[in-house]
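*Asks:* Each protein sequence line maps, in turn, to chains W and S.
Numbers 0 to 567, taken from numbering that gives the first Met the number 0, label the letters of the first sequence in order.
Numbers 0 to 288, taken from numbering that gives the first Met the number 0, label the letters of the second sequence in order.
FYI, nobody ran anything at the bench for these hints, they're computed from the structure.
Errors might be hidden in some of the hints.
[To be verified] Computed from the model, here is a short list of chain W residues facing chain S with C-beta under 8 Å:
| # | residue |
| --- | --- |
| 1 | Asp37 |
| 2 | Tyr38 |
| 3 | Met47 |
| 4 | Ser49 |
| 5 | Arg52 |
| 6 | Val53 |
| 7 | Ile56 |
| 8 | Glu59 |
| 9 | Gly62 |
| 10 | Leu94 |
| 11 | Lys99 |
| 12 | Ala100 |
| 13 | Leu111 |
| 14 | Gln401 |
Yeah, the Cβ is synthetic: ideal placement off N, Cα and C, and Gly gets one too.
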Amino acid sequence: MANFYTDNEALKLHLNHPMMKKIVELKERNFADADKFDYAPQNFEDAMDSYDRVLDIVGEICGDIIAENAEDVDHNGPRVENSRVIYAEGTKKNLDTCRKAGLMGMSMPRRLGGLNFPITPYIMAADMVSRADAGFENLWGLQDCAETIYEFADEAQKEKYIPRVCAGETMSMDLTEPDAGSDLQSVMLKASQKEDGSWVLNGVKRFITNGDSDIHLVLARSEEGTKDGRGLSMFIYDKRNGGVNVRRIENKMGIKGSPTCELVYKDAPAELVGSRKLGLIKYVMALMNGARLGIAAQSVGISEHAYREALDYAKERKQFGKAIIEFPAVAEIVSLMKAKLDASRTLLYACSRFVDMYKIYDDIAKERKLEVEEKKEAKFYSRLADAFTPLAKGMTSEFCNQNAYDCIQIHGGSGFMKDYACEQIYRDARITSIYEGTTQLQVVAAIRHVTTGTYLDWIKGEAEKQVAAEDEAVKATLNFMTQQYIDAVEAVTGVNDPKFLDFMARRLVEMAGYIVMGYLMLDDTQRDSSFRKSLHVFVNYGKAEVAKHADFIGNFRPEEISDYLYAE
Amino acid sequence: MSLNIIVLAKQVPDTRNVGKDAMKEDGTINRAVLPAIFNPEDLNALEQALKLKEMYPGTTVTLLTMGPARAAEVIREGLYRGADRGIVLSDRAFAGADTLATSYALNAAVRKIGNYDLIIGGRQAIDGDTAQVGPQIAEKLKLPQVTYAEEIIEVKDGKVVVKRRLEGGVETVKAPLPLVITVNGSADECRPRNARNVQKYKYAAVPSEIANDEERKAFVAARPYLEIGEWTAATVEADLAQCGLAGSPTKVKGIENVVFTAKDARRIENNDEELEGLIKELIANHTIG
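One chain only, chain S, in its complex shape (with noise of 0.2 Å):
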């Protein structure tokens, strides 16, 4: 048995890692800084898939992203990683999209992929921590979800059994292909990237990255596995009215400044009285118990 399986990934700047600059004056990250990584719960979900690769051979891993061509830097990733191809889905149109005009776009682009029995995505992403996206193609493509997945156990008979993190412990589920999964932070690290597998993708791009490059376009033309695809709004026949800004009912009113501060530490005594006193306190003011 082999599986059709999409991996959605998307391109963030990482918030790991902030200096004093990652911030703009108006309040709004300042990309520029900022590296541009692969987010990092989405390769938690690549794995998942790449290990379905390993388990059902044939099985098939489209990277699927949403941005700019510089995008294409994580479908390179995912390459160097064992997924088989990517789709870097870039328009104007797409531009200022909340995460519902997000996930009718990429709704779209997985009905334009077609034929698929898995969508695998990170939880959430480090720029704006939503954990929405998921869910919401699930939605749009009318298709059960499992989401906090930690291990994709395994896919027999039409059904996938997923081991889910929840917060006092973990539960074990069966659902239907095709089904989305979104992909939780304790699940397996991604694998390295693979020596032999950078050596062959290292050329790899999406036909704008190259448009001024002859030698580079001739080369990649000649091997069809070294094109990333480029769709637009209307590769995937997308409504405009849903892309995009246009597309989008969250409006962004105001940006505040919030600080975090300290409070005062509190030191416990190594005694069984303070001990207990403690102990009791926390269980009446609910933290523990």
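So that you can see chain W by itself, here it is in the shape it has in the complex (with noise of 0.2 Å):
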């Protein structure tokens, strides 16, 4: 009997932002569904206490159905039979709950379907799905992959796939080959177009989440002859038509109930998305920052459990006549670990906001020209929302990789032991920091946004609010970290070498990640004073981090790069 929403206040106060008042009336077109649809919200409130009673759905069946399911799914995870996958029963329970429960399309207009959320209260379930059981999210939250049918396939694929989705079929998006994973310029999967125009998929798809699904988004190769990205579509291989079969399922360390495939394409009938050509430049890029997105949430939720699990441990395990947590050092490593989530959840909210500002408008300039200032708006949100995805996903799994550690640290030996949670956690965490581009590439997408200042630009925005009197000492501090940050950045880009700045990279953005973040929380503490500890807790703690890497730039001689580079 657990309700993951209601047991967990940060939810409602990143729910409440101010700024969801404009996302809401933008993306409801003022109310305009109200008359339409009997579940269409009237106004502005009715929307809130909509996304409030939803949540609170998904927050019971997280809590009382896939969370109880978890250990089951990942002891026995699914298998192959006949090129089938058979999901575990606990996955296939959750899949029927989430079904019955209307919680499949949460984004996809009514028109379709769907519930037509906001991004921000879709990214909360996927949060709590994720707390509930990390492997599950990746089947669930591949609902996601109907954002790009929606955004770029035409009316009729649209109107054939999105209700289907809303209906409850999964989707999965097939990128990765054995020979392109990062590098997904490579991809050969071929494309053939048959005398009729329509087009066929024939070659092979490794480590597919989810690979037998419904609906797949497909990357492949039609332009022949062509050894570049620009040489890439994007297909839609409907299931129901068969031609793909799953070869095998990858035998994983973690998130176990989540079928990861090989799939070889035989002549199987796609559909294409969009134009030629765009399938990695646009579409791709489009889908994996949803994806990112989807993960930066996965990775809070599994730092809530992981800070849970080491908070109820804490308070139990009694050594030399008291409870753990009495000790300073464990007590360190517990507050570290809710200030690590706080950030971390702030971060990916501050995120989802910024992509459902840009994305409505995007929405909204298919029904109408843009005005001016809205045109403006939606310029500034998409560069902060480009921004801020690949510092939340790079952050976020980092240091839910670091609470899932400090979680069996708390556990001591018994964390070592398959008899606890943690050692699940601590598994599930560890592709967190590598699939959807790992941490590396995140910051290669994010170092464009420290020399171009996006980050900076944001910061000084911040710096310029009014806080309470008792925040005025953390406040400066933050700005004593700013200006470590910007002598930093001076000093790596007045080097003037590419390979220096890629070298510094990490840093750099991990400085802007501790700034940022730090400032989120000092926002939220405005609004609820019960934030202010993890507050003072994280900007110690990004503090001496900054100063961390301050030293490291601020001492290192461009030639001594020589000694890092690999050479035979």
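From these two lone chains plus the hints, build me the complex, please.
*Replies:* Structure below.
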């Protein structure tokens, strides 16, 4: 009888962020659906009440069903029979429950069968599902592939596929191949056009999450003889047509409930999405940005789970006559876990709101011409979403791994045994900093926002806001950290060597991350003073980390780089 | 083929998580501190009805509950899960009813609804634990009944096939429509609230709940599906002598506080000798065998 929504005050704080008013009004087009659909909101308060109620359902399902099934799903996992994936029993029950609760296609418009939720409450659901079972989040969360169909497919395709997703059919994004992981330009799966204009796919895909899904988005080479990303297009493969078989599923370390498939395409009929040659350079980039936000949510959910397990154990476990949390060395770990969790979550939802703003404007732009002011705003948020998505994915997944590590540490020897949830958390956490782009690749995406000043501009905006008198000291610290960041960026870019920038990029991106998260937590604290403690812990930690990077960069002679670079 | 199903539901105090304030000095339930919930086995009953609705399109599920206006919450919970409409049977005349008076009132409401194929309720409510109301309604309606149902398997040619949970196993029976079925807690759990239905029905109300809210009244009036029926003894043409306290032969004579005391545990060593001794003992006192 647990409810992962009502037991977590932080979710309500982020749901009720002041920016939501604008997001909801734009998303609902000033509540134009109110008289068309009996479940559409009448006004802002009504919409917020609906999000609250639906998240309450999600919280209940997560607490009572998905979390309860997690251990069994981890142990039994899915299997392949006759080239088809059979989910674990618990997974089937989770999916069935989510379908009956109408939690599929949450962000799709009502006319296509969705709930028309903004991304922010949808991501909140993902946050809770991940806390319950990170592996199940992959299956449930792949519903956001529907976003890509909605954004880029033609009307007939939208009407054909999106209602099916909303009714509960699952999706997958078939991108990776044996020789194309991080480097998707090397995708070889062949798309050939027949005389009647239709397409068939041939080849192999690997590491495909939920690869036996009902509706696949497939990246394939449509332009014969090409070798780079410009020869790739996006296709929809409908399982009802047949032509794709599952050769095997991987035996993974974590998220074992989520089947990771090797797929063989044999004359599999497929439909082209959007325009040829834009598959990678436009559509996959959009798809990946959505998926990265999803992984950030997954990371936050796992962090939450890790923190709660650690806190409970530290309060229960007695040594030397008292609960171990009473020892400062243990308490510090737990408080830092909480601070990293709160920091991760606030970054996740800041990012979700930016994504909401620019996506909604994009969608409105298909209906009518945007006003000058609107265009400006759309561009502003598009840039912020572009900057915050890799930052959120990178920082939250690293913190989630650190929290999973610390969760075991709190459990001591027992944590090393398979008897406690922390060992599954540890295994599940590990993938978050790898898939949908490793942390190293998030840095590649984020570094241009260090050099072009996106982060700094945002930080300066935050620095102008008023805070409570008691938070002035924290703000001064953040200001000091910002100065160190500015100096470090200047020092690195001043060398004017791309290789040197690459070498220092992670340090710079992390510095920006600590400051950004610090300001976001400062803002949360203005709205809810219960975050103040966590703010202090995080800023103390971030200040030391920023100083560490500043020290490294400040004392590093560019020629020393040769000591690090690999040479035969 | 479509069915008209009436699901009987009761709003009960959540006696599953009882704290120390759960009972008042006089030994009656302190309803103020216990959250009011949908009686668990009535949720099992609702699930059976909703499954039939999926199996036989066009089927309608009507929820019926007796209680004060706030029992409308049970109806809303049912609408969120897929019921089509609901009625709260509410009248001071029903207050203090025992199982006989309750089943009389519900039977009158069922007759008023009319045109029913199936009446499904939970086996019993967690506040009274009598398991009498369902069977009594069947008697009053002069209908056959199947109790302890675990699964309604199918409805075909005017007959219902039901799996029943018995003490030592299961039994599958066939019974003619119309029929009363009481559902056991071992049946499938009820499906979750549905996101779309929650948004659609969250403003559903019985008239007395919103009597002082003109805006809400107008909103509900414009959307008939939001109106939850609120029936009185007069609506269902009940004989007041058979209602409430007047119609209840059960009189509470006294209330006693019973404290269960645990007996000492006995430890059996894990060897053949001791195990055999235990088995023999259990057979001898008829615990097993």
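*Asks:* Does the interface hint hold: is W/Leu111 within less than 8 Å of chain S, judged Cβ to Cβ?
*Replies:* violated (13 Å)
*Asks:* Grab the minimum C-beta distance from W/Gly62 to chain S and call the hint holds if it beats 8 Å, violated otherwise.
*Replies:* violated (12 Å)
*Asks:* Hint validation: W/Glu59 versus chain S, beta carbon distance must be below 8 Å. Holds or violated?
*Replies:* For W/Glu59, the interface hint holds, since the closest Cβ of chain S sits about 7 Å away, which is under 8 Å.
*Asks:* With a cut-off of 8 Å, does the beta carbon of W/Asp37 approach a beta carbon of chain S closely enough for the hint to hold?
*Replies:* With a closest approach of 5 Å, the W/Asp37 hint holds.
*Asks:* Taking the closest Cβ pair, is W/Gln401 under 8 Å from chain S?
*Replies:* violated (34 Å)
*Asks:* Hey, does the W/Ala100 contact hint survive, CB to chain S under 8 Å?
*Replies:* holds (4 Å)
*Asks:* Against chain S, run the beta carbon of W/Leu94 and see if the smallest gap drops under 8 Å.
*Replies:* violated (13 Å)
*Asks:* Do the numbers back the hint for W/Arg52, that is, is its least Cβ distance to chain S under 8 Å?
*Replies:* holds (5 Å)
*Asks:* Does W/Ile56 pass the interface hint, meaning its C-beta sits closer than 8 Å to a C-beta of chain S?
*Replies:* At about 5 Å, which falls below the 8 Å cut-off, the nearest Cβ of chain S leaves the hint on W/Ile56 intact, so it holds.
*Asks:* Min Cβ distance, W/Lys99 to chain S: is it shorter than 8 Å?
*Replies:* holds (4 Å)
*Asks:* Any CB of chain S closer than 8 Å to the CB of W/Met47?
*Replies:* Cβ of W/Met47 sits 12 Å from chain S, so the hint is violated.
*Asks:* Would the stated hint for W/Val53 survive a check requiring a Cβ distance to chain S of less than 8 Å?
*Replies:* Constraint on W/Val53 satisfied, holds at 5 Å.
Checked against the numbered hints above, the structure violates hints 3, 9, 10, 13, 14; every other hint is satisfied.
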